[in-house]
Amino acid sequence: MWLHELADKGDIIPLPLLKNFLKTTAPLMYVIVKNPKAVARNMKAWKKRLRQSKPPWAHLEDESKYDSRKMLTEEDYEDLPPVNNEKYLRPTRMCECDSPDIRAVAKKLGAYEKDDLEYAKSIFYFVKNQKYLVFKPMVGALGVLKSKGGVCLDQMNLLIALARAGGIRARYRLYALAPTEEMFDVMIKDDPIIRETYEMLGFLDSLHGCAELYVDGQWIQLDPTFSDELEAGMGIPIIDFGEEPAWRVRIPERDVVFEGFPVFFKNLLIAIALILRDTVDKVNVKLDEMRKAGREILEEIGKEEYNKKKKKQFKIEMPSLEEVKAFREKQIIA
Amino acid sequence: MNYLWENLRKIFYLPPENWQKVDEMVFGLDDYYLYNAEEIKKKRFEAIKEAFMHHYSNNLFYHRYCKDNNVSPDDIKSEEDFSKIPLIPDKVFKDYPSDEPRKLYEWLYRISSVDIGAFDFNGKSLQDFLVWAENKLKGVVTHSSGTTGKFSFMFRDEITRKRMFYSADKMLLFSIYPPDKDAQFIYPGPIKTHLTMGRWVAEGTKIFKEGNRHFLTERPLTLDIVRIMSGQINGIGDKFKLALIKKAMHKGQMKLIKLLQEIDKRKLQIYMLTFPFQLYDLMNLMEEQGVYLNLGESNSVIITGGGWKIYENRKVSSKEFSKRVEEFFGIKSNNYRDVYGMSEMNGLALECEARYKHFPPWIYPMVLDENGEQVDYGEEGRFAFLDPAANSYPGFIITGDKLKLLDSCPECGREGVVIEGEITRIAGAEAKGCGNLMRELMVEELR
Chain S
867 MWLHELADKG DIIPLPLLKN FLKTTAPLMY VIVKNPKAVA RNMKAWKKRL RQSKPPWAHL
927 EDESKYDSRK MLTEEDYEDL PPVNNEKYLR PTRMCECDSP DIRAVAKKLG AYEKDDLEYA
987 KSIFYFVKNQ KYLVFKPMVG ALGVLKSKGG VCLDQMNLLI ALARAGGIRA RYRLYALAPT
1047 EEMFDVMIKD DPIIRETYEM LGFLDSLHGC AELYVDGQWI QLDPTFSDEL EAGMGIPIID
1107 FGEEPAWRVR IPERDVVFEG FPVFFKNLLI AIALILRDTV DKVNVKLDEM RKAGREILEE
1167 IGKEEYNKKK KKQFKIEMPS LEEVKAFREK QIIA
Chain D
101 MNYLWENLRK IFYLPPENWQ KVDEMVFGLD DYYLYNAEEI KKKRFEAIKE AFMHHYSNNL
161 FYHRYCKDNN VSPDDIKSEE DFSKIPLIPD KVFKDYPSDE PRKLYEWLYR ISSVDIGAFD
221 FNGKSLQDFL VWAENKLKGV VTHSSGTTGK FSFMFRDEIT RKRMFYSADK MLLFSIYPPD
281 KDAQFIYPGP IKTHLTMGRW VAEGTKIFKE GNRHFLTERP LTLDIVRIMS GQINGIGDKF
341 KLALIKKAMH KGQMKLIKLL QEIDKRKLQI YMLTFPFQLY DLMNLMEEQG VYLNLGESNS
401 VIITGGGWKI YENRKVSSKE FSKRVEEFFG IKSNNYRDVY GMSEMNGLAL ECEARYKHFP
461 PWIYPMVLDE NGEQVDYGEE GRFAFLDPAA NSYPGFIITG DKLKLLDSCP ECGREGVVIE
521 GEITRIAGAE AKGCGNLMRE LMVEELR
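Those protein sequence lines, which keep their order, are chains S and D. Sequential numbering of the first sequence, starting at 867, is according to our numbering. Sequential numbering of the second sequence, starting at 101, is according to our numbering.
Hints may contain errors.
Stated by the list, open to error - Here are the simulated lysine-lysine pairs, DSS-like style, with alpha carbons at most 27 angstroms apart:
1) S:K913 <-> S:K936
2) S:K1196 <-> D:K167
3) D:K365 <-> D:K351
4) S:K1175 <-> S:K1196
5) D:K306 <-> D:K367
6) S:K1191 <-> D:K149
7) S:K1169 <-> D:K167
8) D:K292 <-> D:K281
9) D:K149 <-> S:K1196
10) S:K1055 <-> D:K167
11) D:K177 <-> S:K1175
12) D:K121 <-> S:K1196
13) S:K1196 <-> D:K184
14) D:K110 <-> D:K292
15) D:K358 <-> D:K306
16) S:K1175 <-> D:K367
17) S:K885 <-> S:K1191
Just so you know, these hints were derived from the structure itself, not from any lab.
Assemble the whole structure, with the sequences as input and the hints as a guide.
Put into structure tokens, the structure is as follows:
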């Protein structure tokens, strides 16, 4: 029980995460050794960073213009929401819900003013559309708030931090997934190291997840990773609050749920950013291009029209057992 | 006709009084490649329309999907309207919520176009559930390799099963070179499995006498083992089972060469169905051991299917491959064929002597562009098809394969739309299929 609590809070690594980490590392190392040329391709990117006295894994883009604190006034920092130390409400590693900046944004977005559901929607759309998917080492909730965005796990950090700052219990859920073609095209197909590692793994385990917010007596799963623009640029449906993203197939019964990130996660992404620096730079450029394309699509036809078409292509609603029984009954009578 | 034809009729034939439109082609045609094209076009239209009506009327999820797309059977007035029929992505068949048998049953119930009855399964394992589901459907239930973490389940009821295996057997056994009464069937893989190819072979070769069919191993390849191979390990017992089957496969490969030598001596005819990479490995092993056979004298036939998968880099053209087959097996090019099939499709596209793969007349194949619009013959794109032979599920499917179609064979003069050139996977579509899994079973021992 005591150990479980430590793992839940991230003070020790939860066993399933450790196992998954080791299972992923071995194929990755094997592929790296097999592809020295692909690793050597990073040389230029590393040198560029060293010339700027930055570590070779650093993300170089100037992100200051995306600092969300710019939307805050001095007034927003007055009467900040309280810091709570209860489970799922307290700060954890990389989830700085006690930070005045986070609490000020929470206040601005309606914490303790709107009802929980409305507030949850506000923070979900804020993270989804004001913060972008950027592949870089993890910076935590506060880091994401101050920058363009971060990886999926970091966007979860911000969403969870805003939820907790607004008095909504929130936790992490990591799961296994297989990317759909659209995601495969962006992330996997062009780099031999990623592609071969993925092929050896077959699917990705515990490298992505969603934020779970406890609203009106139930846990709601939210994935704010892809902005509307990015989803439109990728040609997939734009998801709304509580909907399942269309860029991946979720693999059941492999979820890991916890309150706070364990320490190694941050370092893991540093190692990946180092080994795959060149690829990561290219993926980030590709994401920007897709966002631009998506913006144009949405400006032209609007979200509603776009989604009407896309959701039809992607989502096939499965009726309930009872509905099917009633339908068959009706058919027999007819 | 020999006993094989009699058995084919006995086991898989549907009597004419039970025929639907599609059955006039599946069971009624003497030759799947020589027919009156105009007449068949009409029959195919009627069959597809009838099948569309069946799924629209009996499958709520498809019914709603059609309504969302503003299409009903009344809208299908001619072949030009086929583009209106809503296509289902093949990934739908892996969209089940859980591996737990009851939940899988509920999913099956909801996705089926036929009623599979009540849930009275008492076991716990998914493997046993598949057997139960087969009994319920009087059909065949298969699963994919699950290498992206989830299996795809395909469920054929009695009608679909009969259409599928009647046509496959008729095509593979009776349209290349007719089998003689002592013909031996060889499949270099395990058949005690629900993994697609193995399960198909187990079912389809029931028409052979028990002693005349040979498989690589009698060891079962269960879902648990398949799951371990995709990285989902559930205990040391499963690992042990995997080690045993790998050992058995390797032993089986050596036994297979001996068996082939024995058959060669007795001048018996063989029908061997195999993945191309398996045959490639087998021929390498034969080369190492200096084994060269002359099975061509007995009019033997070798058929490959399932693609090269992770051996893509070693892929050779069908023409070159057939030369190697002739060198090691003594089987002339005409008796070596490659075949194309999809786990969701009830009909195979068999290669002609000129190496074009001909679709059977009831399948309406299409190639789609990135926006899902049908492109012209000769253009490459995503393969989709309308298969009216699917009774238990809507056989109107978009696949993850990329290919090019021609409206007729430029060489052989037989009927049917053909596939020209190589078939590849659309980027991101599940790359590792059941062929790859078989490949992985054998790779360590054979290299």
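Status of the hints after comparison with the structure:
no.: 1; hint: S:K913 <-> S:K936; verdict: violated (33 angstroms)
no.: 2; hint: S:K1196 <-> D:K167; verdict: holds (17 angstroms)
no.: 3; hint: D:K365 <-> D:K351; verdict: holds (21 angstroms)
no.: 4; hint: S:K1175 <-> S:K1196; verdict: violated (30 angstroms)
no.: 5; hint: D:K306 <-> D:K367; verdict: holds (23 angstroms)
no.: 6; hint: S:K1191 <-> D:K149; verdict: holds (25 angstroms)
no.: 7; hint: S:K1169 <-> D:K167; verdict: holds (22 angstroms)
no.: 8; hint: D:K292 <-> D:K281; verdict: holds (25 angstroms)
no.: 9; hint: D:K149 <-> S:K1196; verdict: holds (22 angstroms)
no.: 10; hint: S:K1055 <-> D:K167; verdict: violated (36 angstroms)
no.: 11; hint: D:K177 <-> S:K1175; verdict: holds (25 angstroms)
no.: 12; hint: D:K121 <-> S:K1196; verdict: holds (25 angstroms)
no.: 13; hint: S:K1196 <-> D:K184; verdict: holds (26 angstroms)
no.: 14; hint: D:K110 <-> D:K292; verdict: holds (23 angstroms)
no.: 15; hint: D:K358 <-> D:K306; verdict: holds (24 angstroms)
no.: 16; hint: S:K1175 <-> D:K367; verdict: violated (61 angstroms)
no.: 17; hint: S:K885 <-> S:K1191; verdict: violated (43 angstroms)
Comparing the model with each numbered hint stated earlier shows that hints 1, 4, 10, 16, 17 do not hold.
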